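Assemble chain B onto chain A, guided by the hints.
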Amino acid sequence: MNISCDRVRDLASGFVLGALDPAEMDAVREHMTSCAQPHPELREMGGVVSYLGGSLDPVEPRTNLRAAVMAAIQADLRSRSPERVAAVAEPVAVAEPQAPLVLTVLKPAHAAGVISLARVRGLRTRRAAVWITRAAAAFAIVSLVGYAVAVQSDLNRAHESQDHANTVYSYLQLPGARWAALTPQGGNKGVGDAVLLPSGHVAVWLHALQPTKGDEVYMVWLSSDSGPITKAGWFTVDDRGEGFLTMVNVSPSDSLWLMVCREPNSTVEKPTGPAIVTGTVWLYSVPEATPTR
Amino acid sequence: MRDLEVVPLPMVMSQAPSEDHSEAELMRQVAAGEIGGLETLYDRYHAIAYALALRITTETGLAEDVVQDSFLGLWRNAGRYAEDKGSVKGWLLAIVRHRAIDSMRRRRNGVTIGDETEEPLPAALTLPDIWPEVAGRLDAQMIRIALAKLPDAQRDAIELAYFDGLTQREIATRTGAPLGTVKSRMRLGLVSLRRDLVSIADGRDGASSLSLNGAKGER
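These protein sequence lines are chains A and B, in that order. Residues 611 to 903 (the numbering used here) make up the first sequence, in order. Residues 109 to 327 (the numbering used here) make up the second sequence, in order.
For reference, chain A alone in the conformation it holds in the complex:
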């Protein structure tokens, strides 16, 4: 829709306030891309509009909003190219002073195993899946053996832990399984594994966690690609320090970032506690793989 300069001047106040109908907004934009005449009224009134929000007194949000914002930024950063990730200093403190939350970005050596998403899709071959499964299975076996030695004084507990290990191990055997190491953050203890299946099943297995007290839980937060952080599930931990959780219907994606936080209760909708462990499930390339295109 072509409109005249006079019409633009008539619509200017509504335009700068975003208060025109969509067709009128588009018409003004279209006019401004081609009109050689100056339209100072748009600049003048637009400058005023940009400061209307400044009429409000600042309001402090809940203190954990900063941690949530920075966690979202970290998740977005992790979803970017490895070159971009490697360029960022580490670790990066992102939390309130009272509750330090330190998320460590991917190490360059780790990021070097990640390639561009388009290339990753081309390299997603059966051979890659086998390689990933074998490597991850070997890691799981080593972890399992070490853990079994540590808990053999209590067979009943060991059986339960064995079930968890078997679940993780069985996941790793399935085609297309992707694995991530969950590493401790901010001086916290805790380490573990996460496995994502193409079916959307996810298993998270953690050790060396501090026991939960009262209503406390360990909450698992997920972020697929650059999407928002979502609440995935929670578990409690006794004096064994072990946590286990399986999830379903997690959308397969190019990257899945996991963060486990210690939360005051299971009803929180945003990360509030310190991050205990984090990890990212990536697609990995293998040197001998051949692009399929």
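Hints are not guaranteed to be accurate.
[As the list claims (entries may be wrong)] Anything over 12 Å on all C-beta distances counts as not near chain B; from chain A, calculated:
1) Glu-634
2) Asn-674
3) Glu-770
4) Thr-856
[As the list claims (entries may be wrong)] Just a few of them, taken from the derived set where beta-carbon distance is under 8 Å, the chain B residues facing chain A:
5) Arg-152
6) His-154
7) Ala-159
8) Leu-170
9) Glu-172
10) Val-175
11) Trp-183
12) Met-212
13) Leu-246
14) Arg-277
15) Met-294
Derived by calculation from the structure, the hints in this document are not laboratory data. All values reported here derive from a predicted model rather than from experimental measurement. Glycine included, every Cβ here is placed at the ideal spot set by N, Cα and C.
Just chain B now, with coordinates in the frame of chain A:
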């Protein structure tokens, strides 16, 4: 309708505040993927961003979602920031306002904020700010004083559009005023507001650097 004639404002400071330069540097850091720059911007502007989001959404949870989403938008689009197009604060508040209004509309339509796709900001919200020198000396109280000086009808028209996201037609329906009257109230209100803000920031009382010649409507 006669044209609205706008006379350029005189420079009230010889140079922009140094904070503008540091903001530009912070935005360059953010565009380069340095989280420290964003942390500084968050610490500087989170409270006013949250105040605006809360004013529009009236819900703390939704306002927090909007603020989080807005800083994520700032992070992702920092490379688009142009120093000569206005302050970072103004740009951030434009993002917050856009997303807050959008989230309210989505909520009315049964869609959560998490389903939102990345959309470019409307051009109307990214127009150059031509008077950062003035705005840099304005605080919330000064802006409220200038708003309070407007006739109620003009202030209501501006606030219904800015804070409630209503279009001129919707404002006309809500207030019962003809559409042309709503347009005039908005235009005169913005022009008067700018004039008064400049006067307040410049320590003048009633002085105006803005000509209202040709502006029609009520006052």
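Against chain A, is B/Ala-159 within 8 Å by beta-carbon distance? holds, 4 Å
Minimum beta-carbon distance criterion (8 Å), B/Val-175 to chain A: With a closest approach of 6 Å, the B/Val-175 hint holds.
Would the stated hint for B/Arg-152 survive a check requiring a Cβ distance to chain A of less than 8 Å? Not OK, violated: B/Arg-152 not within 8 Å of chain A, min 10 Å.
Beyond 12 Å from every Cβ of chain B: is that where the Cβ of A/Thr-856 lies? holds, 23 Å
Just to be careful: measuring from the Cβ of B/Leu-246 to every Cβ in chain A, is the smallest value less than 8 Å? holds, 7 Å
Status of the hint placing B/Glu-172 at chain A (closest C-beta pair under 8 Å): holds, 5 Å
Proposed interface contact between B/His-154 and chain A, which counts if any beta carbon pair is under 8 Å: Check passed: Cβ of B/His-154 comes within 7 Å of chain A, closer than 8 Å.
Would the hint on B/Arg-277 stand, with a C-beta cut-off of 8 Å toward chain A? holds, 7 Å
May I ask you to test the interface hint for B/Met-212 with respect to chain A, counting a Cβ-Cβ separation under 8 Å as satisfied? violated, 13 Å
Over 12 Å to the closest beta carbon of chain B is the bar; see if A/Glu-770 clears it. holds, 35 Å
Residue hint B/Met-294, partner chain A, criterion CB-CB below 8 Å: It holds, given that the least Cβ distance between B/Met-294 and chain A is near 4 Å, below 8 Å.
Can we confirm that no CB of chain B comes within 12 Å of the CB of A/Asn-674? Given that some Cβ of chain B is not farther than 12 Å from that of A/Asn-674, nearest at about 9 Å, it is violated.
Hint violations for this structure: numbers 1, 2, 5, 8, 12, all remaining hints satisfied.
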